[in-house]
Amino acid sequence: EAKGRHHLALAVPMVVLGTAVAMSWARHLDALLTGEDEARSIGVDVVAVRRWAIIWTATLTAAAVAIGGNISFVGLMVPHALRPFVGVEHRQLMPAAFLGGAAFVIWVDILVRVVPTRGHLPLGVVTRLVGAPIFLYLLARAAREGRMA
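According to my numbering, the sequence shown is numbered sequentially starting from -5.
Because the hints were derived from the structure by calculation, they are not lab data. Hints are not guaranteed to be accurate.
[What the hints assert, rightly or not] Label pairs and their in silico Cβ distance ranges:
#, residue 1, residue 2, range
1, SER18, GLY63, 24 to 32 angstroms
2, THR28, VAL109, 38 to 46 angstroms
3, ARG(-1), LEU123, 29 to 37 angstroms
4, ILE36, VAL109, 43 to 51 angstroms
No residue lacks a Cβ here, since even glycine has one placed at the ideal position from N, Cα and C.
Working from the sequences, and respecting the hints, build out all of it.
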């Protein structure tokens, strides 16, 4: 489905607001990387940070899917792929993931337009083909490391 300028006009305010909110929580999210007890010891309200992170993530994901459509696994793949290059601190990782995700989607869009197929190859199909094995790898690694709840 083709997207027009009105879709862009809807998306830009959400992207700006979402980025500002995410960046304002970066320090708290970094504290959670050290563990709940350590985060609490430096004054982070772990329950509130997790609650708001889930609410904002769900809201912005819903808005992005409503405007842009379902592009599976991009938000999962890109941050994990960029972590070795930019580190785990959210102030660096989030902007890199935002830009990296956009670049990845543009790259896949170009790929599906250039590669000859018998019919239209949806962008989401390619992101699923790339993302599903990465998702399975991340699950297997988490299970090996004992991080599965």
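Comparing the hints with the structure gives:
| no. | hint | result |
| --- | --- | --- |
| 1 | SER18 - GLY63: 24 to 32 angstroms | 28 angstroms, holds |
| 2 | THR28 - VAL109: 38 to 46 angstroms | 44 angstroms, holds |
| 3 | ARG(-1) - LEU123: 29 to 37 angstroms | 30 angstroms, holds |
| 4 | ILE36 - VAL109: 43 to 51 angstroms | 50 angstroms, holds |
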